[in-house]
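Enquirer: For reference, the chains in residue letters:
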Amino acid sequence: MDEAQELASRYRELAAEASSRHPGHHVARMIDVTATDGGGHVVHFGLDNGLEVLLEPDHSAPLVSFQSWFRVGTVNECGFPGGIAHLFEHLMFKGTRRFGHSEFDRLLEEAGAQNNAATWLDWTFYYENLPSVALELAFDLESDRMRNLILDSEQLESERDVVRSERHYRVDNDPDGLIEEALFARLFPGHPYGSPTLGTFEDIDSITLDDCLRFYGHYYQPRNAILVIVGDCTFEAALELCLAYYGSIEPHPVPGCDVPAVRDAVAEVTEIDVDINSERLRIGWQTVAAGDVDAVALDVANEILFANESSRVYRRLIDDLPIASDVDGTSEPMRLSGTFIVDVTINESEKASDALDVVFDEIGRLGREGPTEVEITRACNHLEASFLRSLVTVGSRATQLGIWHITTGDYRQLFDFVNDVRRVDAARVRDVVSRYLTPGSAVTVVARPLNPAPEMTCDEDVEPFESGGGR
Amino acid sequence: MTCIGPAGPGEPVLIHLEDQRLNLVFFEILIHGGSWDDPSGREGLADLTALNLLRGTAHRSYSAIMDGFNDIGASVDVASHREYITISGDFMPRYRHVFAGIMSEILSSPSFPAGEFKKEKALALEDIRNLVNDDSELARHHFYRYLYGDGRDGRPSGGFYRTVSKLGVQDCRDYYRTHFVRGNVVVVLSGAITPDEAAEFLDTVTGEMAPGPCLVAPTLEPVVQNAGRLLIVDKPGRTQAQVVMGHSSISWSCPELFGILVGNTAFGGNFTSRLVTEIREKRGWSYGVSSGISAGRDSGTLTMRFFPETRDVAPAVELAGRLFSECAAGGLREDEVESAVNNLVRQYPFRIETVRKRADEEVADLIFRRPAGLSSSFVEKVSAQTPDSVNHALRLHFRPSDLVSVVVGDSAALLDPLSGVYGRDMIDVIDYRHE
Numbered sequence: 000m001d002e003a004q005e006l007a008s009r010y011r012e013l014a015a016e017a018s019s020r021h022p023g024h025h026v027a028r029m030i031d032v033t034a035t036d037g038g039g040h041v042v043h044f045g046l047d048n049g050l051e052v053l054l055e056p057d058h059s060a061p062l063v064s065f066q067s068w069f070r071v072g073t074v075n076e077c078g079f080p081g082g083i084a085h086l087f088e089h090l091m092f093k094g095t096r097r098f099g100h101s102e103f104d105r106l107l108e109e110a111g112a113q114n115n116a117a118t119w120l121d122w123t124f125y126y127e128n129l130p131s132v133a134l135e136l137a138f139d140l141e142s143d144r145m146r147n148l149i150l151d152s153e154q155l156e157s158e159r160d161v162v163r164s165e166r167h168y169r170v171d172n173d174p175d176g177l178i179e180e181a182l183f184a185r186l187f188p189g190h191p192y193g194s195p196t197l198g199t200f201e202d203i204d205s206i207t208l209d210d211c212l213r214f215y216g217h218y219y220q221p222r223n224a225i226l227v228i229v230g231d232c233t234f235e236a237a238l239e240l241c242l243a244y245y246g247s248i249e250p251h252p253v254p255g256c257d258v259p260a261v262r263d264a265v266a267e268v269t270e271i272d273v274d275i276n277s278e279r280l281r282i283g284w285q286t287v288a289a290g291d292v293d294a295v296a297l298d299v300a301n302e303i304l305f306a307n308e309s310s311r312v313y314r315r316l317i318d319d320l321p322i323a324s325d326v327d328g329t330s331e332p333m334r335l336s337g338t339f340i341v342d343v344t345i346n347e348s349e350k351a352s353d354a355l356d357v358v359f360d361e362i363g364r365l366g367r368e369g370p371t372e373v374e375i376t377r378a379c380n381h382l383e384a385s386f387l388r389s390l391v392t393v394g395s396r397a398t399q400l401g402i403w404h405i406t407t408g409d410y411r412q413l414f415d416f417v418n419d420v421r422r423v424d425a426a427r428v429r430d431v432v433s434r435y436l437t438p439g440s441a442v443t444v445v446a447r448p449l450n451p452a453p454e455m456t457c458d459e460d461v462e463p464f465e466s467g468g469g470r
Numbered sequence: 000m001t002c003i004g005p006a007g008p009g010e011p012v013l014i015h016l017e018d019q020r021l022n023l024v025f026f027e028i029l030i031h032g033g034s035w036d037d038p039s040g041r042e043g044l045a046d047l048t049a050l051n052l053l054r055g056t057a058h059r060s061y062s063a064i065m066d067g068f069n070d071i072g073a074s075v076d077v078a079s080h081r082e083y084i085t086i087s088g089d090f091m092p093r094y095r096h097v098f099a100g101i102m103s104e105i106l107s108s109p110s111f112p113a114g115e116f117k118k119e120k121a122l123a124l125e126d127i128r129n130l131v132n133d134d135s136e137l138a139r140h141h142f143y144r145y146l147y148g149d150g151r152d153g154r155p156s157g158g159f160y161r162t163v164s165k166l167g168v169q170d171c172r173d174y175y176r177t178h179f180v181r182g183n184v185v186v187v188l189s190g191a192i193t194p195d196e197a198a199e200f201l202d203t204v205t206g207e208m209a210p211g212p213c214l215v216a217p218t219l220e221p222v223v224q225n226a227g228r229l230l231i232v233d234k235p236g237r238t239q240a241q242v243v244m245g246h247s248s249i250s251w252s253c254p255e256l257f258g259i260l261v262g263n264t265a266f267g268g269n270f271t272s273r274l275v276t277e278i279r280e281k282r283g284w285s286y287g288v289s290s291g292i293s294a295g296r297d298s299g300t301l302t303m304r305f306f307p308e309t310r311d312v313a314p315a316v317e318l319a320g321r322l323f324s325e326c327a328a329g330g331l332r333e334d335e336v337e338s339a340v341n342n343l344v345r346q347y348p349f350r351i352e353t354v355r356k357r358a359d360e361e362v363a364d365l366i367f368r369r370p371a372g373l374s375s376s377f378v379e380k381v382s383a384q385t386p387d388s389v390n391h392a393l394r395l396h397f398r399p400s401d402l403v404s405v406v407v408g409d410s411a412a413l414l415d416p417l418s419g420v421y422g423r424d425m426i427d428v429i430d431y432r433h434e
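Residue numbers (numbering that gives the first Met the number 0), protein chains in the order written: chain X, 0 to 470; chain S, 0 to 434.
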């Protein structure tokens, strides 16, 4: 029996003992223990009301990250107005029967916590990074708002304005936001992955208090939740706190959501006018869901083509021609599908169409000829270092565990990542490039400057066009 | 923690913190002399010189340098700040010798090839042009310009389009010759690297550099302007405005430093602070609201930032100014001070959570000439703050009549409402393409 198995066996006994101290509460059950590279381990356990818990003890500093993940995002908005998953995330800070409006934040701030939340296509999560002596407060507040949230019209209206402000900020006044929204709508036609997580202004305005109450009832409950705890917390403490604060919450079935199948995107080039000073090119492909064996090979292909200064497309567009000032690529597997997105910032007076030709030329070449051994090694080293960087803080480690567990269904795949990358060979790179990154499935958005390219002006050669005096 | 050196006059400083738990080494090579050192009319020189270091050495082309770093998965970023330039990033410890070898060449024998210089300069100019795409950065840029004018604090570290355009390869060679000398370098290493390995790294990386002294910019009082005025940076068609309000502020040596840190936390530093409560929570005017103080070596800058829809800009600006004045004159309540003290004290472990953050504290001590023991006494000094000490600090350092405001947005819709707050003669308007 290895160390992880021994721990699992011991924790199983502890879970039974602890459950017996909480009569009438849902009992705890061990699921598994996994050793990590750094000599630590992750404990995966749950309560029989459906709550799952991932705990990675790390006692090197008196800090802990406590994260509450819910399997609800834009993709679960069927039967609700668009944008409700995100607006509802804001409402979760508005108070409960026990803790009034702003008490939640005030108590956490006094305890020295950093707290916030985020919503994306497959998930919503809430986090508290806090001194470990205050961990029980996070359990208390989070378990309380899972069942006792109070919503009223005044809070909804105030937060609706805040979310409208967020949309103005992230989309309508941000070129990147506008381009991304245009791309996703075309990449996932008729599917909620193509809908904006923030919702449109019409969506945001149409959300009612009743919608919010129904949404809360559907999705905010233990069967739909995963707690991720990383830091200065023992298994015994986490177990006891889970039983005490979540053990009495009754579960109910999570209503099914009739999510349509992901349809193939129509390969097209769409032009949009944006308030920018030079053209932008964004190309997207549908790829594979998280956990698919091809996901890591696509990561390697991205490194070879786009992701660093030695990448093929980067070198041609920025160094050789040069017609662009920035090139980036990302491969993001999600729960039901995945995306591979390339973003190119074109130099002033150059054309996005020329960059597009280069992108397809290099993709085609990699698909035909495959990568060199040097390129494979370089990509593997890059991905290994990126992986290590993503695990530096207790908060970032907890976030990685949460994302991997929600999207793949098994957090343990996180710890296989580096070895999986090292197993990718040239043939697999050729294979995924040829199958997924084809011109016939590429969705392209070309953003063109709304106004003619601006001239940079300065004090010596121009008068401010209107001045009230002073300068 | 090991802090070695300088071993003697004209020798580099090494700051080293070991932590073997994560299989990465974080590095920072810091050169005294950032945008403060740029000669007038050549703003952007320090930045462009640092960027060109990677463009070729006596033995490697730009491509070979990039391949060398990328082959081992290293990350390397170059940045310039007001007081210093940094080359920073991380590498995996098994590649320590390879990495140090390339870095040594970059620091000791850059060749500034003309063709590569032209490409790097074109990219730098493209970056400056692209500033207009980001309203938030644009507001920040114009705030510093409007507040500090052509003084050294008003310069963007990357320079202006007009000044970078005029820089030549010889300018960079000259800057390199004066600044990239052994006595002007600080090497910071943290993570999976032992003291002996760190000392060896220092020798390898700086051993071939030319001798020379430490060049620290002289102390100067900041020159400020436009107190009480507002600048609209006109960007037609925007539905939202980016607002920055603020004034020059304290240095790290200020006796009231900890009082101001507590005061700012309660005023605009947290979700439950006054500014956030009034602008976001009660009125829903802006998704993001905050106030902050960036303390510097000789002085610092205090800012309030938010981004309301166009229709809410004038009342939001008026309210922020009023809250600021009320806080300066009337101070904070006892419970607000207590809550802010608790927040800062209990959050302190996050300031030193990782070995890299601890190294950053050491670097800040050195660069900003922070009083000895500032980091180690942080909890004690914050805990000692009382309502009286905090309100005294606010009376001294929250200066409502000195506030300078910048709004990036649609002036056609903003000018009249803002004239109602400021008076038309206190408002300037410029086009967003104006540098």
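Since the hints were made in silico from the structure, they are not lab data. Certain hints may be false.
Have a look at the derived ranges for each label pair, beta carbon to beta carbon [what the hints assert, rightly or not]: (1) X:251 / S:363: 48 to 56 Å; (2) X:422 / S:218: 54 to 62 Å; (3) S:199 / X:292: 39 to 47 Å; (4) S:176 / X:411: 38 to 46 Å; (5) S:321 / X:135: 34 to 42 Å.
Taking lysine-lysine and the DSSO-like style, the derived pairs with C-alpha atoms no more than 30 Å apart in a straight line are [stated by the list, open to error]: (6) S:380 / X:350; (7) S:120 / X:350; (8) S:117 / X:350; (9) S:356 / S:281; (10) S:120 / S:165; (11) X:350 / S:118; (12) S:165 / S:118; (13) S:356 / S:380.
Where chain S lies over chain X, by a calculated footprint (3+ residues, C-beta under 8 Å) [claimed, not checked]: (14) 53-62; (15) 153-163; (16) 200-211; (17) 265-279; (18) 313-325; (19) 341-349.
Yeah, the Cβ is synthetic: ideal placement off N, Cα and C, and Gly gets one too.
Enquirer: So which of those numbered hints doesn't the model satisfy?
Expert: 4, 6, 9 and 16
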